[in-house]
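There are 2 protein chains.
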Amino acid sequence: MKEISVGLIGFGTIGAGVVKLLEDNRELIAGRLGARLNLKKIADLDITTPRVVAVRKEMLTTNVEEILKDPGIEIVIELMGGYEPARSFLLEAMRHKKQVVTANKALLATHGDEIFRTAEAEGVNIGFEASVGGTIPIIKTLRESLTGNGIKSIFGIMNGTANFILTKMSDEGKPFDVVLKEAQSLGFAEADPTFDIEGIDTAHKLAIVLSLAYGKRVNLKDIYREGISGISRLDIEFARELNYRIKLLAIAIARGDSVEARIHPTMIPLDNLLANVNSNYNAFHIVGDASGSIFLYGQGAGMMPTASAVVGDLTDISRQLLKGVSGCVPARALREDLIQNIALMPQEDMVTSYYFRFSAVDRPGVLSRISGILGTNNISIAAVIQKGRKESGAVPVVITTYKSREKDVRNALQEIDKLDVVLDKTVVIRIEDDKL
Amino acid sequence: MKEISVGLIGFGTIGAGVVKLLEDNRELIAGRLGARLNLKKIADLDITTPRVVAVRKEMLTTNVEEILKDPGIEIVIELMGGYEPARSFLLEAMRHKKQVVTANKALLATHGDEIFRTAEAEGVNIGFEASVGGTIPIIKTLRESLTGNGIKSIFGIMNGTANFILTKMSDEGKPFDVVLKEAQSLGFAEADPTFDIEGIDTAHKLAIVLSLAYGKRVNLKDIYREGISGISRLDIEFARELNYRIKLLAIAIARGDSVEARIHPTMIPLDNLLANVNSNYNAFHIVGDASGSIFLYGQGAGMMPTASAVVGDLTDISRQLLKGVSGCVPARALREDLIQNIALMPQEDMVTSYYFRFSAVDRPGVLSRISGILGTNNISIAAVIQKGRKESGAVPVVITTYKSREKDVRNALQEIDKLDVVLDKTVVIRIEDDKL
Numbered sequence: 001m002k003e004i005s006v007g008l009i010g011f012g013t014i015g016a017g018v019v020k021l022l023e024d025n026r027e028l029i030a031g032r033l034g035a036r037l038n039l040k041k042i043a044d045l046d047i048t049t050p051r052v053v054a055v056r057k058e059m060l061t062t063n064v065e066e067i068l069k070d071p072g073i074e075i076v077i078e079l080m081g082g083y084e085p086a087r088s089f090l091l092e093a094m095r096h097k098k099q100v101v102t103a104n105k106a107l108l109a110t111h112g113d114e115i116f117r118t119a120e121a122e123g124v125n126i127g128f129e130a131s132v133g134g135t136i137p138i139i140k141t142l143r144e145s146l147t148g149n150g151i152k153s154i155f156g157i158m159n160g161t162a163n164f165i166l167t168k169m170s171d172e173g174k175p176f177d178v179v180l181k182e183a184q185s186l187g188f189a190e191a192d193p194t195f196d197i198e199g200i201d202t203a204h205k206l207a208i209v210l211s212l213a214y215g216k217r218v219n220l221k222d223i224y225r226e227g228i229s230g231i232s233r234l235d236i237e238f239a240r241e242l243n244y245r246i247k248l249l250a251i252a253i254a255r256g257d258s259v260e261a262r263i264h265p266t267m268i269p270l271d272n273l274l275a276n277v278n279s280n281y282n283a284f285h286i287v288g289d290a291s292g293s294i295f296l297y298g299q300g301a302g303m304m305p306t307a308s309a310v311v312g313d314l315t316d317i318s319r320q321l322l323k324g325v326s327g328c329v330p331a332r333a334l335r336e337d338l339i340q341n342i343a344l345m346p347q348e349d350m351v352t353s354y355y356f357r358f359s360a361v362d363r364p365g366v367l368s369r370i371s372g373i374l375g376t377n378n379i380s381i382a383a384v385i386q387k388g389r390k391e392s393g394a395v396p397v398v399i400t401t402y403k404s405r406e407k408d409v410r411n412a413l414q415e416i417d418k419l420d421v422v423l424d425k426t427v428v429i430r431i432e433d434d435k436l
Numbered sequence: 001m002k003e004i005s006v007g008l009i010g011f012g013t014i015g016a017g018v019v020k021l022l023e024d025n026r027e028l029i030a031g032r033l034g035a036r037l038n039l040k041k042i043a044d045l046d047i048t049t050p051r052v053v054a055v056r057k058e059m060l061t062t063n064v065e066e067i068l069k070d071p072g073i074e075i076v077i078e079l080m081g082g083y084e085p086a087r088s089f090l091l092e093a094m095r096h097k098k099q100v101v102t103a104n105k106a107l108l109a110t111h112g113d114e115i116f117r118t119a120e121a122e123g124v125n126i127g128f129e130a131s132v133g134g135t136i137p138i139i140k141t142l143r144e145s146l147t148g149n150g151i152k153s154i155f156g157i158m159n160g161t162a163n164f165i166l167t168k169m170s171d172e173g174k175p176f177d178v179v180l181k182e183a184q185s186l187g188f189a190e191a192d193p194t195f196d197i198e199g200i201d202t203a204h205k206l207a208i209v210l211s212l213a214y215g216k217r218v219n220l221k222d223i224y225r226e227g228i229s230g231i232s233r234l235d236i237e238f239a240r241e242l243n244y245r246i247k248l249l250a251i252a253i254a255r256g257d258s259v260e261a262r263i264h265p266t267m268i269p270l271d272n273l274l275a276n277v278n279s280n281y282n283a284f285h286i287v288g289d290a291s292g293s294i295f296l297y298g299q300g301a302g303m304m305p306t307a308s309a310v311v312g313d314l315t316d317i318s319r320q321l322l323k324g325v326s327g328c329v330p331a332r333a334l335r336e337d338l339i340q341n342i343a344l345m346p347q348e349d350m351v352t353s354y355y356f357r358f359s360a361v362d363r364p365g366v367l368s369r370i371s372g373i374l375g376t377n378n379i380s381i382a383a384v385i386q387k388g389r390k391e392s393g394a395v396p397v398v399i400t401t402y403k404s405r406e407k408d409v410r411n412a413l414q415e416i417d418k419l420d421v422v423l424d425k426t427v428v429i430r431i432e433d434d435k436l
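Chains L and V are the protein sequences, given in the same order.
The first sequence begins at 1 in this note's numbering and counts up one residue at a time.
The second sequence begins at 1 in this note's numbering and counts up one residue at a time.
If we strip away everything but chain L, and leave its shape as in the complex, we get (with noise of 0.2 Å):
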């Protein structure tokens, strides 16, 4: 059977989940390839450390010029994450005719340009499956089973931290607090957990879809971007009173020529597959002109789920490769010169519904006053939640409203924020409606 030779760099966690995968269910992917996966190197700066699976010691090096100087080998496994030396040896890698897989979404997102560029003018394919939702086929589906259809949105679950974190929040009543630091303990966050929880990493695989789904380079800060850490107990509470579900949502939605982006904590109806999402999984609703709803559900990450999605990857390029042909499918699926730099649609054009929370004396008025500014600027209102308890000094009003300019909520808030009878900052909540 003929053989190809795989480097691997990095051996990490998802690292040794791709040898072991290839290791565990060997027989199965030669017959499935009619190929044999050679995993000829591996290099990491550690390589005394035990992984979970064994390696001979010959196979490792802490010299990376060993895997992408050495002729024999014919793609490369990319699994260090960040951003240097990730990109130049990935760069360097591609320039010495190597197929690429990389899982760095951090990495695409950034420096996709010059990296989907370079795979395109080199001619070698790069899988990057890994990089969003893990074992989920949502790069597989948007380059090649979507390819008829204009895009008409895309929501998704991309983070697992983010969405264990919530989905403990609804259901057990803990504050935000209290639920991060048990996700630290389990794993399932790490001890900074800036870029899961402020939807950093969201954005980076936004961005990736983005590019994939409108043929466009996207510019990271453009997204709107909120996190989850300002969500507080009560918010579930009314929430769940609402019936509701809030999860953290990058959206995007075709709006003309101009795409819609926007990363934030939403409600959304209970009905909704999106709102049954829980604990660690991910998943992407998208919609076609032609395909209409499609929705994909799965583990975003973990060792061995991520590991599956590098071998996909593996056996595509594989596949080309044996029948002497590589980049069969465009980096970004489309042809490079028709790649288009896209204007976000500008945040303040945004349209959507909200959920207000807003901190008021327990006095007579307050919500016909509250009320007024919302009418005045053009807010209509949906639905209203006033009780009678008292917390320290404060009552919570809530308030939701029926599809709203981003810019007229802006302006209303900045008025009612400064009413006597508003005692502390107004909490939103985007609230998403439609049906999946």
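Derived by calculation from the structure, the hints in this document are not laboratory data.
Since this is a predicted model, take the numbers as computed values, not measurements.
Just to be clear, a hint being listed does not mean it is correct.
Copies of the same chain look alike in the list, so a pair counts if it works inside one copy or between any two.
To be verified - Derived lysine-lysine pairs resembling DSS-like cross-links, with alpha carbons at most 27 Å apart:
1. K40 - K174
2. K403 - K323
3. K216 - K2
4. K57 - K40
5. K2 - K174
6. K323 - K57
7. K216 - K20
8. K181 - K387
9. K152 - K20
10. K403 - K20
11. K152 - K403
12. K323 - K97
13. K387 - K69
14. K174 - K418
15. K69 - K418
16. K403 - K221
17. K216 - K407
18. K216 - K323
Given chain L, work out where chain V should sit, using these hints.
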């Protein structure tokens, strides 16, 4: 820009949808492909009735040979359905070294071996994403994404008509016959609904899925199959009381070297994602040994969703043709010499939980006699619902069980149905309690 010529056999609903989609999203598809798909010829017996999309008269023919023998046509799409002459046309197209795309699940489920072998022998691609799950990328996920995984199980809702009927029965409390008539008048069910409601269409799809997941040939008649025409309002009500929803599931579970394959109405917990797949939607829950749970959801039929899947196949094939190759992905995701016949697990050895509804005389001691027989047949009771209501002399006694062997269940029911206190044949519905 390069052009790839395509011939279409079958200008019915789906055929017209494909023509419309190639027209509507012409520029988008050309950009993603880097080539133009040129629909050169359409063959159908009826070339006069207007379709949703207008085509030039010269494109239409009643003579399929004009497509099969045209050396300029590189890809042939077969959307006529049925066994013959669809089978002969596909085989002839492949023998002329044409790439083929089909949505013909009945044909692939019964003559797949001949068709897939021919594709491999001729070195051409066969695309059949549209044959199972409509727009859902289930074929691609199994053939390409999960190649690193042993497949532990697949649970699917694969027939939109049956799901539409069960959803309406559950939501509106109407009996089967009434809902079936509604489905027929809405165009969701055919005049002769046998294929859909008796699980035959689902069996075709499961056979295709099994061949991809396990690289095995399946004999259709070995798949245990039960339709939905026996589901009564009473069972739907009891299901709700037990926090279940009834769905027509296709189930494949790896059991060592064998595979358990069955299709039957199934009670599943309300918090299982499959329980929330409603109306005419389809869904698949796949568990891979590395990936864990993957859940895919979308429109399983319909003009444009199915056309979307066909265009996805056209893109895959064209991207290979543009590189001068074909047949990158093995037809059945496995080297043909490794494809095996499969003896599915004997039905009597199947293990699952059960719901029984006994029609018993309302008399003391009945429950004790029934439960006694269950006990002596190794069937453990999970729950009992017995109410004092009388319906034509009999009262319904509902018993759910823990996991039991089909053989034990059949023996027990044979005994119970002979009891003088049992007035009617016991209703049996299987339960799948495993969490998604």
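Taking the hints in turn, this is what the structure says about them:
1. When the C-alpha separation of K40 and K174 is checked against a cutoff of 27 Å, the pair qualifies neither within a copy, at 48 Å, nor between copies, at 63 Å.
2. Neither within a single protomer nor between protomers do K403 and K323 lie at most 27 Å apart by alpha-carbon distance, with minima of 53 Å and 48 Å respectively.
3. Taking CA atoms no more than 27 Å apart as the test, K216 paired with K2 passes between copies only; the shortest distance there is 23 Å, against 38 Å inside one copy.
4. Within a single copy, K57 and K40 get their C-alpha atoms as close as 11 Å, which meets the 27 Å cut-off; across copies the closest is 59 Å, which misses it.
5. For the homomeric pair K2 and K174, neither the shortest alpha-carbon distance inside one copy (56 Å) nor that between copies (60 Å) is at most 27 Å.
6. With identical chains, the CA atoms of K323 and K57 are never at most 27 Å apart, being 33 Å at best within one copy and 39 Å at best between copies.
7. Taking the closest pair of Cα atoms, K216 and K20 come within 27 Å of each other only across two copies (26 Å); inside a single copy the shortest separation is 36 Å, beyond that limit.
8. In this homomeric assembly, K181 and K387 never come within 27 Å of each other (Cα to Cα): the closest approach is 32 Å inside a single copy and 49 Å across copies.
9. In this assembly of identical chains, the alpha carbons of K152 and K20 lie at most 27 Å apart only when taken from different copies (18 Å versus 39 Å within one copy).
10. In this assembly of identical chains, K403 and K20 lie within 27 Å of each other by CA distance neither inside one copy nor across copies; the values are 50 Å within and 33 Å between.
11. For the identical chains of this complex, K152 and K403 are intra-copy neighbours only, at 18 Å inside a copy versus 44 Å across copies, given an alpha-carbon limit of 27 Å.
12. When the C-alpha separation of K323 and K97 is checked against a cutoff of 27 Å, the pair qualifies both within a copy, at 16 Å, and between copies, at 17 Å.
13. For a Cα distance limit of 27 Å, the shortest separation of K387 from K69 qualifies neither inside one copy, at 70 Å, nor across copies, at 77 Å.
14. For a Cα distance limit of 27 Å, the shortest separation of K174 from K418 qualifies neither inside one copy, at 31 Å, nor across copies, at 55 Å.
15. For the homomeric pair K69 and K418, neither the shortest alpha-carbon distance inside one copy (65 Å) nor that between copies (78 Å) is at most 27 Å.
16. Within a single copy, K403 and K221 get their C-alpha atoms as close as 25 Å, which meets the 27 Å cut-off; across copies the closest is 54 Å, which misses it.
17. In this assembly of identical chains, the alpha carbons of K216 and K407 lie at most 27 Å apart only when taken from the same copy (26 Å versus 59 Å across copies).
18. Proximity of K216 and K323 under a CA criterion of 27 Å is satisfied inter-copy only: 25 Å between copies versus 31 Å inside one chain copy.
This entry does not satisfy hints 1, 2, 5, 6, 8, 10, 13, 14 and 15, going by the numbered hints stated previously.
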